[in-house]
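Make the full structure from the sequences, and use the hints.
Protein chains: 2
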Amino acid sequence: MVTKRLIPVIEIFGPTIQGEGMLIGRKTMFVRTAGCDFSCSWCDSAFTWDGSSKKDIRLMSAEEIWCELKQIGGNTFSHVTISGGNPALFPQIGELIHFLHNHNILVGIETQGSRYQPWFLEVDDLTISPKPPSSNMKQDLEFLDDILKNLEEHNRLKHVNLKIVIFDEQDFHYAKKIYQKYSQIPFYLQVGNPLITEQNDAVLAQQLLKRYNWLINMVMHDEVLKDIRVLPQLHTLVWGNKRGV
Amino acid sequence: MVTKRLIPVIEIFGPTIQGEGMLIGRKTMFVRTAGCDFSCSWCDSAFTWDGSSKKDIRLMSAEEIWCELKQIGGNTFSHVTISGGNPALFPQIGELIHFLHNHNILVGIETQGSRYQPWFLEVDDLTISPKPPSSNMKQDLEFLDDILKNLEEHNRLKHVNLKIVIFDEQDFHYAKKIYQKYSQIPFYLQVGNPLITEQNDAVLAQQLLKRYNWLINMVMHDEVLKDIRVLPQLHTLVWGNKRGV
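The listed protein sequences correspond, in order, to chains A and B. Using full-length UniProt numbering, read the first sequence as starting at 1 and increasing by one per residue. Using full-length UniProt numbering, read the second sequence as starting at 1 and increasing by one per residue.
If you're looking for bench data, these hints aren't it; they were derived computationally from the structure. Virtual Cβ for every residue (Gly too), placed ideally from N, Cα, C. Misleading hints may appear alongside valid ones.
A few chain A residues that face chain B, going by a derived Cβ cut-off under 10 angstroms, partial list only [unchecked claim]:
(1) T76
(2) K210
(3) L225
To spell it out: a stretch of chain A is covered by chain B in this simulated footprint if at least three of its residues, at any positions, have a beta carbon under 8 angstroms from a beta carbon of chain B; those stretches are [to be verified]:
(4) 199–206
(5) 231–237
Label pairs and their in silico Cβ distance ranges [stated by the list, open to error]:
(6) A:R156 with B:P118: 32 to 40 angstroms
(7) B:A202 with A:S41: 37 to 45 angstroms
(8) B:E223 with A:Q206: 29 to 37 angstroms
(9) A:P118 with B:K138: 16 to 24 angstroms
(10) B:K55 with A:D146: 58 to 66 angstroms
(11) B:K55 with A:M218: 29 to 37 angstroms
(12) B:N102 with A:Q184: 16 to 24 angstroms
Here it is in structure tokens:
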């Protein structure tokens, strides 16, 4: 008997909009895996790795995940985003991708580029988000380079984008260096949310729009950052710090 | 002597972000032409056609426009958006597009699809925004169809997107019909701004985010609208109803 390899899932929700990055505004479902090899200081999904939501983790097969997606999303969707945590920890995500593709569903992945999986070559929208200095993480930029070279060799760069979250000027300079190295890859800067416990949505939105304006101004005066997009997190502007939207 | 055909320009500004549609967040310069064949009830750039800013209109050659773009944008940009009014009123925009391409600048155009110009085939990012019932305009959908068929015949659909502004449920149903007809073209719904005279930016942002949430909810429950993006106008969230940002 073949035992299906199970995926640790911490939440499944949608349909909703993708609130950030290359598919901003796109209708999608979300599957969020548990577990991360990083622990970014400002992580807005720390419940995936800090133990606080351990009881929510379910080990699910690709088929079980598909059934739950259909149960809550019905016939309203054609795209699924797999986020984390870091979904690149799990080779068995490949089975989920196959399963979704067989049902004519496009698949987006969000990962930091610290791990590689062969299924990277099959993802329709692969977002790689190297973590800047403010995260207090040490991103292995050589490993990231290997991943991107491999994607290029397999002619997959048109499915890839780089996204860097910016909290301060140091992050900005880090992002600029990465942009200069990979100027052929679509490049997104995203304004960081330092107020992940703020409960007043209107106050949060105003603060985030102010910080977004700050980031826009820095980019606009820059002669290096030209082919670039600067974005906020739309879901946070609309729904605040809530989970599952 | 060859007389260059001049373009009626009402404002040139940037660099700033493209606040809406397929290039949302992208760094770009704006050239706004004067004059429109439409007069949408809720137009947020009515000064381009209602006579209120007639004194600002300058007749400029492609080279003069380029010089002004360089003067204010320096070496910070690689993309120019030509908006209006309706830039498709002017055959001479073709010369501006050539001029910009010769300087390695990508060109986006925003037009409603009521007029056609041969230079549509050279635009890098062509946004066509048919106007829904709330505009009080009567869009000629057969003419729009001819434009899109022509773009398809010239293999240009990968440079095209459709964007429809939504104010109410009637607009939503109109957009749905167009989506069903052109499901192979990237499709954007944008939440309308009914508060174009609101001066309090925070009040405006909250109202627009509320309306954005309303539009998201309508789309999320819909079984027809699948491959779709739903977006706000980021510039209005950040800078309110100001001109020239």
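Here is how each hint holds up against the structure:
With its C-beta approaching chain B no nearer than about 5 angstroms, T76 (chain A) sits inside the 10 angstroms limit, and its interface hint holds. At its closest, the beta carbon of K210 (chain A) sits 9 angstroms from a beta carbon of chain B; the interface hint therefore holds under the 10 angstroms criterion. For L225 (chain A), the interface hint holds, the least distance from its beta-carbon to any beta-carbon of chain B being 7 angstroms, beneath 10 angstroms. Coverage of the segment 199–206 of chain A by chain B holds in this model, with 3 residues showing a Cβ closer than 8 angstroms to a Cβ of that chain against a need of three.
Look at the segment 231–237 of chain A against chain B: 4 of its residues bring a Cβ nearer than 8 angstroms to a Cβ of that chain, three or more, so the hint holds. Distance hint for R156 (chain A) and P118 (chain B): a CB-CB separation of about 36 angstroms, consistent with the stated range 32 to 40 angstroms. Against the hinted window of 37 to 45 angstroms, the Cβ-Cβ separation of A202 (chain B) and S41 (chain A) comes to about 29 angstroms, which falls outside the hint. Between E223 (chain B) and Q206 (chain A) the beta carbon distance is about 36 angstroms. The supplied range of 29 to 37 angstroms therefore holds.
Separation of P118 (chain A) from K138 (chain B) is about 54 angstroms and departs from the stated range, judged on CB atoms against 16 to 24 angstroms. Between K55 (chain B) and D146 (chain A) the CB atoms are about 59 angstroms apart, so this pair conforms to the stated range of 58 to 66 angstroms. Our hint of 29 to 37 angstroms for K55 (chain B) and M218 (chain A) holds, since their Cβ atoms are close to 34 angstroms apart. Checking the proposed 16 to 24 angstroms range against N102 (chain B) and Q184 (chain A) shows it holds: the Cβ atoms sit about 22 angstroms from each other.
Of the numbered hints listed earlier, those contradicted by the structure are 7, 9.
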